[in-house]
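Just so you know, the protein sequences line up as chains A and B, in that order.
Take the first sequence: its position 143, counting from 1, is numbered 143 in full-length UniProt numbering, and each next residue is one higher.
Take the second sequence: its position 19, counting from 1, is numbered 19 in full-length UniProt numbering, and each next residue is one higher.
Treat the hints as calculated values from the structure; they're not laboratory data.
Possibly wrong hints are sitting among the right ones.
Unchecked claim - Reference excerpt, derived from the structure (chain B facing chain A, CB under 10 Å, subset only):
hint	residue
1	67
2	75
3	84
4	90
5	123
6	124
Each residue gets a CB set at the ideal place from its N, CA and C atoms; glycine is no exception.
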Amino acid sequence: MSVKFVKAAALALTGVLSFSASAVMAQEAKSLDELLNYVKQGQVTEAKENRAREAKFSKDKANQAAALKRAEAERARQEQLSAELEAKFEENQLLIAAKQEQLQERLGTLTELFGHLTSAAGDLSSNLEVSLASAQYPGREVFLKDLIDKMSSSDQLPSIEEIERVWFELMREIRETGVVTKFDAEVASPAGERAPREVLRVGAFNLVDTDGNYLSYDSGSLSELPRQPSGPYTGWAADLANATGGLNSFGIDPTGPTGGSFLAAIIDTPTLEERWHQGGYVGYAITAVGIFAFLLAIWRMIVLTAVGAKVNSQLKSDKANDNNPLGRVLKIHEDNPTMDTETLELKLSEGVLKETPKLESGLTLLKIIAAVAPLMGLLGTVTGMIITFQAITIFGAGDPKAMAGGISGALITTVLGLLVAIPTVLLHTVVNGRAQRIIHILDEQTTGMIAEHTEANLRS
Amino acid sequence: MGDLIEVLLGFMDKGGDVLWLIAALLFVMWTLIFERFWYFQMGWKKDVAQVIAKWEGRPERKSWEAFQIRQMMISQSRMQINRNLPVIKTLVALCPLLGLLGTVTGMIEVFNIMAVTGGGDAKSMAGGVQQATIPTMAGMVAALSGVFANTYVTRIAQREGEFLQDNLTTDH
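For reference, chain B alone in the conformation it holds in the complex (with noise of 0.2 Å):
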C-alpha cells in the first residue's frame, strides 16, 4: 500500500502541478457522476411513485388545467434529473484542455532548459519532455472514463424521463 502511495506520488511529480488540477477536476467530476447514480439507484424511485400518485389522484385528467399541470410535473421532474448533467459534460471537455495546459508548461520547461544548458544535455530536458506528455495522457485518460460515464448517466436520465411522460396518461 505505501509502495502505491510513493509510486503514484512519483508519478505526479513526474507529470508537474497541473496533473494535480487534473486530479482534483477528476474528482469532481466523478462525485457528480456518483452522485447521480446514487440519485437513480435510490431516491428517484420515490419521487416518481410520488409524481406518479398524484397524477392519479386528480379526479379528472382531459381538462387544459390537467394538461397544463402534467407539463409542470414533468417539467419539475426533468430538473430534478437534469441537475449537474451539464456541469459534467463541461468537466469531460476541460479534461483535455488541462493536458494540453500541461503540455505547453511542460514544453516552456522543456525550451527554458534548452535555453539554460544550450540544449546538450538531453537528461535535464527529459524531465521537461514528461511533464509535458504525461498531463496530456493524464486529460486524454480521464476525459475517455467521464465521456463513457456521462453518456450512461445521460441516457439513464433521458430513459427515466421519457418512463415517467409515459406514466403520467392523460385518459383511462
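Extracted from the complex, chain A is given alone in its bound form (with noise of 0.2 Å):
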C-alpha cells in the first residue's frame, strides 16, 4: 500500500517539475543572471510545498486502514447473500420443470395441432408475399410473422382470436384468387415516379391499370412493365379494365403468380418493326429495292393501260392516229398508199421494230429484281450467320439463347427478299402480259388490217 503511495506521489512531482519549468521558461529571462535567480527561487518554493504534501499524505493513512475495514465487510454481506440467492434459483428451476412437465401433460395432443397451425401460418405467410392479391391488401403476412414467433416461443400460447383469423385469411387468399377487382394503389412508372392509379385485379394472375398496361408486383411494390406486351393483348387489359358487364376476352398466364414466363416470352418476342430492323443495312436495301420495283411496276401499268386503251379505240377507227404505237405504224401506209407489197412489209416491220422498246421498258429490270432479291436476302442471311458463328468463336456456344437469337435475325433478310421477289414476279406477269397483247398485235396484225383495209377500197 505505501509503495504505490510513493509512486503516486513521484508521479505528482514531476508534473509540477514540468509545470514550474515552463512556467519558468515563459518567465523570459533577460540575462543569464536573471534565470540563475529564477530557478534558486523555484527551488526553495518545490521543496516548502513537498515538504507540505508528505505531512497530509501521513495524515490520511489512518483513515484508508478505515475504509478497508469497512469494505472487507460490505464483501461478506454480499457473498453470503449470493450463496442465499442461488439456493432459490436452483429451487426454482426445479419448479419450472415441474410446471412444464405439467404443461405438456396438459396440452397432449393439441401440441401436434399447434404445430400443423405453424405450419400452415408459415405457408400461408410465404404464399402471401407472392401472391398477386397482397397489393390490394397489403400487411396481411406481418400477422402470421407474429403468430409465428408467439408459436416458437415457448411461454406463449394463439388465443382463438388469432387462429380464426388464420382460417379467414385463408378463405380469403381463396376468394380473391377467383375474383376480378378494381382496387386504388400507388404505381410506380418505368420513369420512376409514383403516383396512385386505379388498378384491376384478375385473380392470382395479373394485375393491369385501366389504360391496359401490365403491372409487376414485387415484394408489396407495384410498378408498370417497362415493356408491354405488343398487339392484342394491352387492348384486351383495357377493354376488361373499362367493363361494366359481361363477357370480355383477356389472356391470363397461369404459368406464375407473379405474371409468368408466357408473358414474359410474349413480352420479349420482337415486334414486325424490331423485325425489320433486325434485316440490317441488307434488309433496308431490300427493302429500298422492293418499294422501287413496286413503283416502277405501277408506273408501267398505268402507262400500258392508256397505250392499251389508245389502241384499243384506233382498232376501231379507220383513220391512223399517231397518239398510239398501232396509229404510227399505220401511218406508214396511209401516207405511202401506193407502195408494192414488199416494200410495205419492210417499213412496217422496221415501224414495229421502232415501238417495240418503248413498250417493253422497264420489265427487264422487273425481272432482273425479282430474281436479285431473293439472293439480296441470302446474302444478308450468310452474312448475318458469320456474325453468329463469328461470336461463337468468341464466347462459345454455351449460350444457345445468344446464336438462336442472332439466327433469328439472319432468317429476316429471306424473309424480305422473298416478300420482295413475289409480288414483283405476279406484277412483272401481268405488265408483261399487257407489253406482249400490244406488240402482238403490232406485230402480227397490222398488215392483216391494212390488207382488209385495202380489199375495202378496192370492192367500193
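Dock chain one against chain two, each of which comes alone in its own frame, and use the hints as you go.
The structure is reproduced here in C-alpha cells:
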C-alpha cells in the first residue's frame, strides 16, 4: 500500500516540475544572472510544497485503513446474499421443470395441432408474400409472422381470435384468387415516379391498370412493366378494365403467380418493326429495291393501260391516229398508199421494231429485281450467320439463347427477299401480259388490217 | 361437315399465316384454269366456227392480202386461246416460293422461341417447326396440282391453235 502512495507522489512531483519549468521559461529571462535567480527561487518554493504534501499523506493513512475494513465487511455480506439467491434459483428451476411437465401433460394432442397451425401459417405467409392479392391487402403476412414467432416461443399460446384469423386469411386468399376487382394503389411508372392509379386485378394472375398497361408486383410495391406486350394483349386489358359487365376476352398467364413466363415470352417477342430492323443494311437495301420495283411496276401498268386503251380505239377507227403505236405503224401505209407489198412489209416491221422497246421498257428491270431480291436476302442471311458464328468462336456456344437470337435475326433478310420477289414476279407477269398483247397486235395484225382496208377500198 | 371444317381450320392454324396466302394463290390459280377449261369446252367451238366461216366466205384465198388476213385471224385467235396462260404459269412457279417463305418465317419462330427459352423446351419449338414444314408441303402440293393442270391446258391451247391453222387452207 505504501509503495503505491510513493509512486503516485513521484508522478505528481514530475508533473509539478515540468509545469514550473515551462512557467519559468515563459517569464523570459533577460540575462543569464536573472535566469539563475529564477531557478534558485523555484527550488526553494518546490521544497516547501513537497514538505506540506508529505505531511498531508501521512495524516490520511489512518483514514484509508478504516475504509478498507468497511469494504471487507460489505464483501462478506454480499457473498452470503449470493449463496442465498443461488439456493433459491435451484429451487425455482425444479419448480419450472415440474410446471413445464405439467404443461406438456395438459397440452397433450394439442401440441400436434399447434405444430400444424404453425406450418400452415408459415405456408400461407410465404404464399401471401408473392400473391397478387397482397397488392390490394398489404400487411397480411405481418400478422402471420407475429403469430409464428409467438407459437415458437415456449411460454405463449395462440388465442382463439388469432387461430380464427388464420382461417379467415386462408379463406380470403382462396376467394381473392377467383375474382376480378378494381382498387386504387400507388404504382411506379418506368421513369420511377410513383402515383396513385386505378388497378384491375384478375385473380392471382395479372395486374393491369385502366389504360391496359401490365403491372408487376414485387415485394410489396407495384410497378408498370417497362416493355408492354404488343398487339391485342394490352387492348384486351384496357377493354376488361373499362368493362362494366358481360363477358370480355382476356389472356391470363397461369405459368406463374406474378406475370409468368408466357407473358415474358410475349413481351420478349420482337414486333414487326423490330424484326424489320434486325435485317440491318441488307434488309434496308432489299426494302428500297422492293419499293422501287413496286413503283416501277405501277407506273408501267398505268402507261400500258393507257396505251392499250388508245390501241383499242385505233382498232375501231379507220383513220390512223399517231397518239398510239398502232396508229403510228398504220400511218406508214396511209402516207404511202401506192407502195408495193414487199417494201410495205419491210417498212412496217421497221416501224414495229421502233415501237417495241418503248413498250417493253422497265420490264427487264422488273424481272432482274424479281431474281435478285431472293439472292440479296440470302446474302443478308449468310452475313448474319457469319456474324453469329464469329460470336460463337469468341464467346463459345455455351449460350444457345444468344446464338438462336442471331440466327433468327439473320433469317429476316431471306423473308424480306421473298416478300419483295413474290409480288414482283406477279406484277411482272401482269405488266408483261399487257405489253405483249400490244406487241402481238403490232407484230402480227397490222399487215392484215392494211390488207383488209385495201380490199374494202377495192370493193367500194 | 362441321368436323371437316374444324380439321381444316386446325391445319391452317398450325401452318401459320403463309398457308392462307398459299390458299388464296391456289384459289386464283384454279379459277383461271377452270376458266380456260370452260372456254375450250363452251366458247371456243363457236369462235373457231366463226373464224373458219369468215375465211371460207372470202371470194379468193391466194393473194398477198388473203395471206395477211389469215395471219391476222390466227393471231387474234391465238390471243384468245392463250389468254391467262402466262399468269397460270407464274402462279404455279410462285407456290414453292410461298412455301419457302413459310419455312423461313417458321424457322424464325423456332429460333425466336429458342432465344427466349434457351432451347430446353422442345414442345414449344414444335409449333414453329410445324409452321416451317407445313407451308413447304402445301406449296409443293399446290405447285404439283398446278403443274399438271397447266401442262394440260397449254397442250389443249397448242392443239387448238394448230387445228385452226390447218383449217384455214390457202386453196381448195
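We went through each hint and held it up to the structure:
1. The restraint placing residue 67 of chain B at the interface with chain A holds, with a minimum CB-CB distance near 8 Å, inside the 10 Å limit.
2. Given the 10 Å rule on beta carbons, the hint for residue 75 of chain B holds: about 4 Å separates it from the nearest Cβ of chain A.
3. Residue-level restraint check for residue 84 of chain B holds (minimum Cβ-Cβ distance to chain A is 8 Å; threshold 10 Å).
4. Interface hint status for residue 90 of chain B: upheld, as the beta-carbon distance to the closest one in chain A is roughly 4 Å, under 10 Å.
5. Checking residue 123 of chain B against chain A: minimum C-beta separation of about 13 Å lies over 10 Å; hint violated.
6. With a least beta-carbon distance of about 8 Å to chain A, the hint placing residue 124 of chain B at the interface is held under the 10 Å criterion.
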